[in-house]
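> Quick note, the sequences are listed as chains L and U, same order.
Heads up, the first sequence is in this note's numbering, so the first residue is 1 and it goes up one at a time.
Heads up, the second sequence is in this note's numbering, so the first residue is 1 and it goes up one at a time.
FYI, nobody ran anything at the bench for these hints, they're computed from the structure.
Cβ coordinates follow ideal geometry from the N, Cα and C atoms, glycine included.
Just to be clear, a hint being listed does not mean it is correct.
[Unchecked claim] Below, simulated SDA-like cross-link-like pairs (lysine to any residue); rule was C-alpha separation at most 20 angstroms, straight line:
(1) U:K106 to L:Q147
(2) U:K14 to L:V105
(3) U:K106 to L:S186
(4) L:K169 to U:P18
(5) U:K14 to L:D168
(6) U:K106 to L:S19
(7) L:K45 to L:R22
(8) U:K28 to L:K231
(9) U:K14 to L:D84
(10) L:K231 to U:L92
(11) L:K231 to U:T90
(12) L:K119 to L:E20
(13) L:K231 to U:P18
(14) U:K28 to L:K45
(15) U:K102 to L:L166
(16) L:K231 to U:G96
(17) L:K231 to U:S110
[What the hints assert, rightly or not] Simulated coverage check for chain L against chain U, where a stretch passes if three residues somewhere in it have a Cβ under 8 angstroms from a Cβ of chain U:
(18) 40-51
(19) 206-215
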Amino acid sequence: MAEKRITIRATRFDPEKDSEPRLQSYDIPFSDDSMVVLDALNYIKSHVDGSLSYRWSCRMGICGSCGMTVNGTPKLTCAAFLRDYYPNPVTVTPLNNFPIVRDLVVDMEDFMQKLKSIKPWIIRKQELPLGAGEHRQTMNQIDDFRQFSQCINCMLCYAACPVYGLDDKFLGPAAIALARRYNLDSRDQGIKDRLPVLASPDGVWECSFVGECSVVCPKGVDPAKAIQQTKLDTTMRFVLPYGNRE
Amino acid sequence: MSAEAGTSTRTATKTYRPAMGTGWWTRKRHYFLYMVREFTALPLALWLLWLLYEIQRAGRGPTGYYPPASTAFVIFSVICLLFALYHSFTFLSLAGVILHFKVLDKPVPSRLIVLSQFGMWLVASLVIGGVLIGFGR
């Protein structure tokens with residue numbers, strides 16, 4: 001029986017030589033139904049062309065490193081099975097809306113700055129002494145923010161967001177979802193530190209609720225929900241008497 | 001993608017910055033439906049402008065007032081109604097995503113919020129329809 005093969009078309013871009021990216025085709029064996037797009041890229045790098053550059057790490061949908069655009073849709077390549085595309089070719093391009101550094105590698109600096117700006121950590125007005133024990137939470141309190149804490153910073157939501165694509169000043173889905181995660185945490189007291197960033201013109205109000213960020217999220221986070229709920233919260237804090245209370 | 005290579009200040013590495021084409025909303029069905037949803041506001045605004053004009057006309061008194069009844073106007077109104085229904089449907093469906101509150105320390109399910117919104121929409125429509133028909137007689 002003839003060996004099954006699949007065509008992978010990957011973006012190539014060498015900043016020292018190329019003026020713009022191009023697609024290069026690789027015909028590789030499709031030996032196993034459990035092969036994912038990342039396996040195909042690893043095969044190309046190991047056996048065909050060692051110069052192909054891309055990010056990856058855990059290979060199990062936890063680290064968020066291997067996000068790329070697969071046939072037009074932002075995906076974790078470790079979770080995109082070749083069997084879902086075979087026998088058609090698979091086109092792998094870098095994540096949309098980010099500057100391309102080389103081949104399939106994008107510049108994450110803008111995202112990292114935005115992430116830092118919303119202070120994604122627990123802020124306390126006054127730290128309790130260690131002797132005071134743990135900050136206990138009920139299951140209901142954890143449920144309030146649990147889904148937003150699943151974000152792995154893979155940036156697929158930014159790649160799917162046309163608002164960010166048209167204006168990269170927009171704070172973006174993952175950063176706002178993480179801000180909401182901490183604002184909803186009963187241990188946190190930092191909402192007033194985050195509000196100036198969230199309610200700024202480049203914050204939640206820039207979002208026009210396309211909703212594609214929530215569709216592509218590989219961890220089931222709903223950033224669109226976080227953004228709309230933050231809009232409502234900021235409005236209520238502004239409108240209601242004592243709305244700006246802690 | 002258009003060529004717009006820039007220089008990152010952090011790494012001083014030349015990067016390629018792809019630009020979004022004007023036809024981005026045709027790439028995916030979801031994007032297309034989003035654009036339709038946003039566009040529905042335009043015919044609604046036009047119809048409301050017309051309504052303001054009619055109110056101003058009717059304000060002169062019943063003498064000489066006649067409601068518009070041309071075929072073109074009926075077609076325009078039906079199209080506006082379809083857009084208004086789609087707009088209302090998407091707006092009320094999204095309410096379940098936005099609203100979040102608890103009853104007896106348990107979050108109210110999104111589905112229940114959406115159903116209650118549609119229920120209120122139906123009641124409001126019946127009341128307004130009843131009032132208008134009642135006044136018309």
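> Now look at each hint and say whether the structure bears it out.
Okay, the hints, checked on the actual structure:
no. : hint             : verdict
1   : U:K106 to L:Q147 : 16 angstroms, holds
2   : U:K14 to L:V105  : 13 angstroms, holds
3   : U:K106 to L:S186 : 16 angstroms, holds
4   : L:K169 to U:P18  : 16 angstroms, holds
5   : U:K14 to L:D168  : 18 angstroms, holds
6   : U:K106 to L:S19  : 57 angstroms, violated
7   : L:K45 to L:R22   : 17 angstroms, holds
8   : U:K28 to L:K231  : 26 angstroms, violated
9   : U:K14 to L:D84   : 35 angstroms, violated
10  : L:K231 to U:L92  : 17 angstroms, holds
11  : L:K231 to U:T90  : 18 angstroms, holds
12  : L:K119 to L:E20  : 36 angstroms, violated
13  : L:K231 to U:P18  : 30 angstroms, violated
14  : U:K28 to L:K45   : 31 angstroms, violated
15  : U:K102 to L:L166 : 37 angstroms, violated
16  : L:K231 to U:G96  : 14 angstroms, holds
17  : L:K231 to U:S110 : 17 angstroms, holds
18  : 40-51            : violated (count 0)
19  : 206-215          : holds (count 6)
Checked against the numbered hints listed earlier, the structure breaks hints 6, 8, 9, 12, 13, 14, 15, 18; every other hint is satisfied.
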